[in-house]
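Engineer: Single-letter residue listing:
Number of protein chains: 4
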Amino acid sequence: MATKMKAAIFIEPGRIVLGEKPIPDIGPLDALIRITTTTICGTDVHILKGEYPVDRGRTVGHEPVGVIEKLGSAVQGFTEGQRVIAGAITPSGQSNASLSGCWAQCGAGTRHGWKAIGGWRFGNSIDGAQAEYLLVPDAMANLALIPEGLTDEQVLMCPDILSTGFGGAESGHVRLGDTVAVFAQGPIGLCATAGARLMGAARIFAVEHVAERQALSREMGANEVIDFAAVDPVAEIMRLTDGRGVDVAIEALGTQATFEAALRVLRPGGTLSSLGVYSSDLKIPLDAFAAGLGDHKIVTTLCPGGKERMRRLMDLVANGRIDTAPLVTHRFGLDDIESAYDLFAHQRNGVIKVAITP
Amino acid sequence: MATKMKAAIFIEPGRIVLGEKPIPDIGPLDALIRITTTTICGTDVHILKGEYPVDRGRTVGHEPVGVIEKLGSAVQGFTEGQRVIAGAITPSGQSNASLSGCWAQCGAGTRHGWKAIGGWRFGNSIDGAQAEYLLVPDAMANLALIPEGLTDEQVLMCPDILSTGFGGAESGHVRLGDTVAVFAQGPIGLCATAGARLMGAARIFAVEHVAERQALSREMGANEVIDFAAVDPVAEIMRLTDGRGVDVAIEALGTQATFEAALRVLRPGGTLSSLGVYSSDLKIPLDAFAAGLGDHKIVTTLCPGGKERMRRLMDLVANGRIDTAPLVTHRFGLDDIESAYDLFAHQRNGVIKVAITP
Amino acid sequence: MATKMKAAIFIEPGRIVLGEKPIPDIGPLDALIRITTTTICGTDVHILKGEYPVDRGRTVGHEPVGVIEKLGSAVQGFTEGQRVIAGAITPSGQSNASLSGCWAQCGAGTRHGWKAIGGWRFGNSIDGAQAEYLLVPDAMANLALIPEGLTDEQVLMCPDILSTGFGGAESGHVRLGDTVAVFAQGPIGLCATAGARLMGAARIFAVEHVAERQALSREMGANEVIDFAAVDPVAEIMRLTDGRGVDVAIEALGTQATFEAALRVLRPGGTLSSLGVYSSDLKIPLDAFAAGLGDHKIVTTLCPGGKERMRRLMDLVANGRIDTAPLVTHRFGLDDIESAYDLFAHQRNGVIKVAITP
Amino acid sequence: MATKMKAAIFIEPGRIVLGEKPIPDIGPLDALIRITTTTICGTDVHILKGEYPVDRGRTVGHEPVGVIEKLGSAVQGFTEGQRVIAGAITPSGQSNASLSGCWAQCGAGTRHGWKAIGGWRFGNSIDGAQAEYLLVPDAMANLALIPEGLTDEQVLMCPDILSTGFGGAESGHVRLGDTVAVFAQGPIGLCATAGARLMGAARIFAVEHVAERQALSREMGANEVIDFAAVDPVAEIMRLTDGRGVDVAIEALGTQATFEAALRVLRPGGTLSSLGVYSSDLKIPLDAFAAGLGDHKIVTTLCPGGKERMRRLMDLVANGRIDTAPLVTHRFGLDDIESAYDLFAHQRNGVIKVAITP
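Protein chains in written order, with this note's numbering: chain P, -16 to 341; chain V, -16 to 341; chain E, -16 to 341; chain W, -16 to 341.
There may be inaccurate statements among the hints.
Calculated cross-link-like contacts (lysine-lysine; reagent style BS3-like; alpha-carbon spacing at most 30 Å) [what the hints assert, rightly or not]: (1) W:K(-11) <-> W:K53; (2) W:K53 <-> P:K53; (3) P:K266 <-> V:K266.
Hints are computed from structural coordinates only; laboratory data are not their basis. Note that this is a predicted model, so its numbers are computed, not measured.
This is chain P alone, in the form it adopts within the complex (with noise of 0.2 Å):
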């Protein structure tokens, strides 16, 4: 086996390149996968803006579909290639915060066993997917086996984008019949929308203005689709409605208008589901707040992770109940990276996720 590999690497604020690193050398907890499918994530582009800070040198990419090259000594109950994913939040299972439920803001090391964001290591606080190799920490609790006849593109939303979308249909408690109001129609917003209707929403409105992103919307189940170029989508939903607002609504962009017109559309005693990653404070207008007396909940979810999720997404795929497939717009491979990002980053030719193979 070689001792280098390919990688995307942060370098500095704007700059995200393939160079070289060492095939990673890993511990007993530890499993070693080879990457077979991957792709860039929103978040991704945060980083290569500099809006969310990773130290330089970090192999970027949390997303990952691979072959298992390499199991630690410690390891038990899987095999030398195995084919796999890994979620993009991979929680240790054994801190304080995992042994609470809380397992994405998982502090294995810390004196107290939590941390925020903990959970998320690849491309973040360890190196990343997008590469020929990737180190798996804790691997009995993150390594999920592909279930047969699945193709790669076929989980390759798993890891994050359908466990993040999904996560928000499932942290606001969508209940048979609600009317649910999904804020952006990206690759999360999508799943998210597909998650209200996988959870028995009678209603989605999903706000969007991207011609290509509306009709992906309709097929993942919203009801109605509204321009926010077109109409204010405040007075839209509303007046759809009849002036009680929704049960819950959604957040997938990350802004302060879209989170606050997210508060506007909640019936009292609604919930708001964050999803979105913000780069500013938030203001919560005191009005759309009914002064702090509306029973409103605010809630957020960072993408929920481990092995049992994968299986669950995987599942909810290999039965039909969920098609990722349309999200996957362009293919690269992994030395054309630097040209994904940069069509990602800028959402040219209607990509929605693209698909990196090394």
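Following the hints, put chains V, E and W in place on chain P, whose structure we already have.
Structural biologist: Frame of chain P, contents of chains V, E and W only:
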């Protein structure tokens, strides 16, 4: 029976005066109760100051203890002369909101059945309890019999203070062994502290400067009382939790400073349970919110009402699980209610709550 | 208006006959609706057979679709002539049970406000819907407007079948990616299957022998239909789940055999959601229950009612999320209801549900 | 260090004897702790009597307090010499069950990741704590540091009794103001009573005959103790609740009689929370179950484990919210453990729990 009664009336911002009004006529679903004891709430002070808008001429007050004087023609299950309380919030039980379990946002009479803060009628959308008589709407849902042996003052906190304070702990889902912070130890904050203790918090940090309130706070269950004038409460709570933060932070004042501090002391995945009545927009600082990735929850609670809630609270009082008697620090006749407002609004003489008796 | 009406009356075990009764007088909180379509439920067959006791002379039926004929003097928010349904369960909204969110066990009129099965009044404790006219108690809580454009038959399953079947999935807390088993695919079991699919189950195993029901089951969302006459359903489900069992098992028949099988296919920590109306004691086998150490849950659900529940269900129908039209296999005039009972009770001619029109 | 140690070994039904065994070798994920205090559980008596099967030769006991003697090569975050406890249940944190939050049914090593009662390993599937040394599997998930200032006996109930008893109240979802019945006031029932009180029950009825246990029950929070030898507890509880029944009934013995009584005192919609280890099939009487229409819930709980659970329980002890010291009524050296079994199994001399010190 007389046809006129005394009542504390909101005239204009800055003026609540004792005046005279007709004793209310009741409809088929209402009850008329003769007030035996009532009290003044911080929200009434907001009304007095013009910070929370109500119609001029409105009788204020929403914390009634009294005796059934008359029952509407369609009201069953009660008899005149029974001692009762009614919650500050009087849901119809029959609106879409009520039938969703969202009683406080009851929109009886609206097209769709929801109304923000709609359940709060006394002293807000209809005349209130600081009077000799009070019309209780939807009497079958709202009259709660006082258990034998309890005095007016023992149950005087149930309609609002206790229900709201406990609601803060409940909406925060305080669990056995949790660490909780409560910001401000006014009447509601004190009851939130008591609620967190009753629900099984291991440690409760209360933030309060006033000496009398600090002492009561310990009595209600706080392990540590932090004087924000002496130390930075955020730094102190993080120190006391070894950098971890609290599981639940309860905001019981209604200011940006306490809201923000409550957010800053949360552990990842924790819940900010807000009880305050705010009078301006709120800011969520990006760092305290982990850019939206910290699995934080922000929940608000309007005082839970209805006769079953009142029954449960009075059952806790009757069985000695909670004693709110120490909160009643001053007593006035209804004729002296203007003096009572003056004392209460300026928090003079260590006042926590006043008892008003017509 | 006439003073007499036709009604299907329980005479004695074995006999429900079409007879004549006075059109009901209504009180201030009631409504009178003219039935346009109704149906027969499996529970009515239990009544017919004497397996579930009701008073002799009781008009049976609890699934009304109709038009408001008259409103009680205290009823607001509706007008005569509106097309409405009412749920099989008609909570008052104002009892202690209702105000606890336990609407189906509404004990309006009892001392303490709770009554087992108390919310089920139509055709049980008061006269029911298989008649020309129906008194709806607590009309404000129970009349639900039919959305424009929906036919009687499209909403005919909402009052009971759909609400109960969905309730089984809801009480079982079906989550995205769950594996679910549903025992029996009669009308309620079929709706439970549909509910599990709507809530995001990845895999649904339905157990049913009758060919027409097997076909409908697949249409409603079952991935696999298991014929208990051909294979042992417990062994088959354990095989299909690789020995793991299901997350949620829904019992929709009401027998020891299905109850026990549902328990045996549960994974540890899983939930048995029971919908059946039982007619004898049940046995929990020690081994299937892991001696009480398996973190199993057994939950039961009486049909959720009230106008908000009906609104939600009709909204799902109106938006095409669920189509129960295929369940209506036969149609009868009210004059022929005895024939309808004969067909339905003996499950002849592939009957699933019948529509009865006065 | 010696290579042999003393241990209480299950020889055959009727015989647990003190014998000698090798001190365990540990793997990379394990820890070896030197036991300083342990105790005997009712479940051990079941094992002794042959009512719960374990392999012959198994060291029994699952309630360890001790000092870290040695850490596996892959274990981080602990140091030798630290005082620790481990829960009776030792989840891996990394199985599918654990990653679903169903830690007690941890199926580490199985194909699908679930195993009924799989989290209970000590004294069941691996050697237990009634010995000089104990191997703790998945040490990072299971070692919990004892807070400074707490004695062994103060935390001795945390691994099982307190966690299980509290678990009964938690799984029953005891809410502020609930009325709760607890059947049997042995060690677990007493902790269930304490848990119900800590979670905010207004009234707790405990059913117990033994005088010492009745006294302790009141100390732990029972309002009324009902002696089943003097009155019928079902009739008495229905009388005390005015015919309504209780919100939550906790079964803490493991017999048909208590299970059935717990069901019979439930209000409609109430929860039977079962903690008992049963040794025969259970019967659900049709009437007590309202034919399946009473919205009843039956839930079971295996002792919650893992280091975070232990941390929370010890935090409650450290802050004086619970004091289990009165439960330790007798003390023995490990050498005398056979006498301890004799005393405990026959409930002689008012024994509640014994402390065993090697």
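Engineer: Against each hint, give a clear statement of whether it holds in the structure.
Structural biologist: A quick look at each hint next to the structure:
As the CA atoms of W:K(-11) and W:K53 are separated by approximately 18 Å, the hinted pair is consistent with the 30 Å bound. Of the pairs offered as hints, the one joining W:K53 and P:K53 holds, with about 28 Å between alpha carbons and a cut-off of 30 Å not exceeded. For the given pair, P:K266 sits about 5 Å from V:K266 by alpha-carbon distance, which is consistent with the 30 Å threshold.
The structure fails none of the hints (numbered hints given earlier).
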